[in-house]
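**Student:** Next come the chains, spelled out residue by residue.
Protein chains: 2
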Amino acid sequence: MLEKESLVLMSRVRFARNLEAVPFPHMLDRERARDIVSKVEDAFYVSSAIKSDYTTHRMWDLGRTDILVGFEKHLVSAKLINNSDISAYILENREMVSLMVNEEDHIRLQCMQNGFGLRDIFKKADMLDDLLSERLTFAFDKNLGYITACPTNLGTAMRASVMVHLPGFTLADKVSHVAQALAQMGMTIRGIYGEGSQAEGNIYQISNEVTLGLSEEDILTNLESTILSILDEEQVNQMKLLGQYTSEIEDKVYRSLGILMNARVMASKEALYHLSMVRLGIELELLKDIELNIIDNLIISTQPGMMQKAYGIALTEKERDVNRAKIIRSIF
Amino acid sequence: MLEKESLVLMSRVRFARNLEAVPFPHMLDRERARDIVSKVEDAFYVSSAIKSDYTTHRMWDLGRTDILVGFEKHLVSAKLINNSDISAYILENREMVSLMVNEEDHIRLQCMQNGFGLRDIFKKADMLDDLLSERLTFAFDKNLGYITACPTNLGTAMRASVMVHLPGFTLADKVSHVAQALAQMGMTIRGIYGEGSQAEGNIYQISNEVTLGLSEEDILTNLESTILSILDEEQVNQMKLLGQYTSEIEDKVYRSLGILMNARVMASKEALYHLSMVRLGIELELLKDIELNIIDNLIISTQPGMMQKAYGIALTEKERDVNRAKIIRSIF
Numbered sequence: 001m002l003e004k005e006s007l008v009l010m011s012r013v014r015f016a017r018n019l020e021a022v023p024f025p026h027m028l029d030r031e032r033a034r035d036i037v038s039k040v041e042d043a044f045y046v047s048s049a050i051k052s053d054y055t056t057h058r059m060w061d062l063g064r065t066d067i068l069v070g071f072e073k074h075l076v077s078a079k080l081i082n083n084s085d086i087s088a089y090i091l092e093n094r095e096m097v098s099l100m101v102n103e104e105d106h107i108r109l110q111c112m113q114n115g116f117g118l119r120d121i122f123k124k125a126d127m128l129d130d131l132l133s134e135r136l137t138f139a140f141d142k143n144l145g146y147i148t149a150c151p152t153n154l155g156t157a158m159r160a161s162v163m164v165h166l167p168g169f170t171l172a173d174k175v176s177h178v179a180q181a182l183a184q185m186g187m188t189i190r191g192i193y194g195e196g197s198q199a200e201g202n203i204y205q206i207s208n209e210v211t212l213g214l215s216e217e218d219i220l221t222n223l224e225s226t227i228l229s230i231l232d233e234e235q236v237n238q239m240k241l242l243g244q245y246t247s248e249i250e251d252k253v254y255r256s257l258g259i260l261m262n263a264r265v266m267a268s269k270e271a272l273y274h275l276s277m278v279r280l281g282i283e284l285e286l287l288k289d290i291e292l293n294i295i296d297n298l299i300i301s302t303q304p305g306m307m308q309k310a311y312g313i314a315l316t317e318k319e320r321d322v323n324r325a326k327i328i329r330s331i332f
Numbered sequence: 001m002l003e004k005e006s007l008v009l010m011s012r013v014r015f016a017r018n019l020e021a022v023p024f025p026h027m028l029d030r031e032r033a034r035d036i037v038s039k040v041e042d043a044f045y046v047s048s049a050i051k052s053d054y055t056t057h058r059m060w061d062l063g064r065t066d067i068l069v070g071f072e073k074h075l076v077s078a079k080l081i082n083n084s085d086i087s088a089y090i091l092e093n094r095e096m097v098s099l100m101v102n103e104e105d106h107i108r109l110q111c112m113q114n115g116f117g118l119r120d121i122f123k124k125a126d127m128l129d130d131l132l133s134e135r136l137t138f139a140f141d142k143n144l145g146y147i148t149a150c151p152t153n154l155g156t157a158m159r160a161s162v163m164v165h166l167p168g169f170t171l172a173d174k175v176s177h178v179a180q181a182l183a184q185m186g187m188t189i190r191g192i193y194g195e196g197s198q199a200e201g202n203i204y205q206i207s208n209e210v211t212l213g214l215s216e217e218d219i220l221t222n223l224e225s226t227i228l229s230i231l232d233e234e235q236v237n238q239m240k241l242l243g244q245y246t247s248e249i250e251d252k253v254y255r256s257l258g259i260l261m262n263a264r265v266m267a268s269k270e271a272l273y274h275l276s277m278v279r280l281g282i283e284l285e286l287l288k289d290i291e292l293n294i295i296d297n298l299i300i301s302t303q304p305g306m307m308q309k310a311y312g313i314a315l316t317e318k319e320r321d322v323n324r325a326k327i328i329r330s331i332f
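Line order of the protein sequences matches chains A and B. Heads up: the first sequence at position 202 corresponds to 202 in full-length UniProt numbering, and the numbers run straight through without jumps. Heads up: the second sequence at position 66 corresponds to 66 in full-length UniProt numbering, and the numbers run straight through without jumps.
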């Protein structure tokens with residue numbers, strides 16, 4: 001069995017910030033809102049290093065496919081898309097940092113990293129926050145902390161989240177227990193694409209829900225230790241399943257591998273399911289010649305928007321399913 | 001596309017014969033019935049060649065597994081099994097000829113051959129029938145022909161049948177049309193294990209139904225030409241399906257191959273389905289490195305009784321499913 005941290009696909013930290021004495025985005029007319037985008041750019045692009053590493057994408061200039069791809073890569077949120085007429089995002093070329101402007105708040109600064117690494121990305125986000133606050137004054141109250149459009153984000157206005165693969169909990173039908181326990185600790189578990197989305201491919205996001213009354217340090221410490229204990233329990237679940245249903249688990253893993261290697265037509269949901277089963281096989285060390293990051297990249301690159309981006313929007317859904325199967329075969 | 005004859009898995013011819021002035025098996029007590037077995041043996045084992053090529057299996061001496069294996073190999077019929085207390089079969093070592101004694105009739109002589117070859121096996125059966133009639137007098141009427149326990153077999157008392165793979169008809173949902181047309185020509189189409197059995201794996205048996213008023217030659221000529229035209233139509237069906245649903249057909253074929261190569265647990269029905277899809281892939285020349293006889297052997301050797309024979313009856317159904325998957329993987 002691999003080390004438990006291998007169950008983590010991605011870590012993310014985001015800060016919500018608002019400009020002092022400026023109404024929240026939903027209260028702004030188009031001109032004032034777009035002016036915020038310029039203000040943030042002025043405050044951010046202060047060095048030649050930043051200028052060469054980052055690019056601004058104005059949502060009102062982007063096509064549907066680019067927007068969908070940004071969403072699937074977790075670079076833009078559903079709310080940023082809803083605000084497309086006034087919103088933008090500044091994206092690092094490595095796509096590990098994005099600054100969304102005029103989402104629910106004026107600024108949503110997000111840093112991501114593959115695998116389990118909340119501390120590193122918190123440092124990165126903190127540094128960029130310091131940079132921005134040199135030229136922008138953020139709405140802040142000494143009792144309430146950072147002022148945000150939605151009161152649930154008051155305080156640190158920080159959400160730290162980790163994307164985890166929990167096939168053991170899912171197959172043992174225990175995800176609802178985790179959800180209850182997390183809720184009591186001010187944390188939450190969601191599907192792969194955030195609130196309201198389903199946990200396709202047994203992939204979940206676990207994040208802090210409470211932002212007020214705790215320091216960033218407290219939030220990170222609590223979340224890290226909680227996730228580590230969930231990962232321990234996931235490994236116990238996996239070992240129990242493997243012990244009790246050895247051939248059934250092996251069967252699921254190898255069939256999924258056989259189907260991924262051979263199918264000629266595959267919808268994105270089905271791809272996610274089989275990729276999850278193969279990931280489980282790697283986690284359990286049944287499959288030893290496949291690297292986890294190959295699976296994790298396919299989980300993202302076989303999503304509908306990524307397929308449209310790669311093959312053009314003129315493709316029918318069926319043609320995308322054919323090309324998806326082709327991409328997957330070419331990787332294995 | 002392979003030649004149409006490749007759609008035929010097996011050809012069989014069987015003659016029903018009854019001893020003159022002896023009641024049919026269901027009217028005999030045990031002693032008289034078992035005496036028939038000895039009489040047939042005396043008439044049959046007349047040369048040292050026959051003695052070395054054939055063995056008698058008395059059903060009352062056989063275990064359940066051996067009986068089931070004989071059934072799955074089409075060497076014994078359900079009725080022979082029902083009569084186990086009085087029935088026997090004389091089997092050629094190559095298992096291409098079997099003489100069932102005390103089935104519905106005193107003698108059921110059956111010759112089989114892989115692939116399409118009704119003429120050759122008819123000659124073989126005819127020769128063995130001549131051999132038997134040198135020492136046995138068969139019940140025969142100049143108007144009714146050979147007298148049989150069931151009047152539907154009167155006349156030639158011959159049934160010729162061909163086991164064919166018809167995935168094109170099945171996927172196009174046209175098997176019932178074939179059945180209707182065959183009925184009008186005095187022929188019939190059945191599932192893989194005869195009357196009342198299902199057409200698992202898209203495998204069917206087509207045989208003459210009418211035995212009275214036609215010569216053996218007529219029956220064989222009609223059946224051959226009818227089957228060849230069904231095989232032509234099957235190829236048209238396959239090409240149409242492939243033309244119209246190219247990626248779906250390829251997907252079915254390759255997924256089945258991937259599953260057969262990777263599954264760790266497989267029930268016999270599922271194995272038949274995937275073997276049928278892979279056979280279709282070979283027929284359509286999508287798969288070029290797999291020989292048809294490998295598939296046809298697996299279709300027989302993965303049946304439940306064959307699995308019991310190979311691994312012992314102590315295995316649970318699940319253990320058999322695990323071993324079946326293992327055998328299939330070892331072949332591919």
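Be a bit skeptical, because a hint or two may be false.
For identical chains, the list gives no copy identity; a pair is met inside one copy or between any two copies.
Using 27 Å as the maximum straight-line C-alpha spacing, the simulated BS3-like pairs for lysine-lysine come out as follows [said to hold, decoys possible]:
(1) 123 <-> 51
(2) 288 <-> 123
(3) 326 <-> 240
(4) 79 <-> 240
(5) 39 <-> 142
The set of hints was computed from the structure by calculation and includes no laboratory data. As the structure is a prediction and not an experimental result, all values here were calculated from the model.
**Student:** Would you mind marking each hint as holding or not holding in the structure?
**Tutor:** Verification of the hints:
{"no.": "1", "hint": "123 <-> 51", "verdict": "within (20 Å within a copy, 89 Å between copies)"}
{"no.": "2", "hint": "288 <-> 123", "verdict": "neither (34 Å within a copy, 57 Å between copies)"}
{"no.": "3", "hint": "326 <-> 240", "verdict": "between (35 Å within a copy, 24 Å between copies)"}
{"no.": "4", "hint": "79 <-> 240", "verdict": "neither (41 Å within a copy, 48 Å between copies)"}
{"no.": "5", "hint": "39 <-> 142", "verdict": "within (25 Å within a copy, 109 Å between copies)"}
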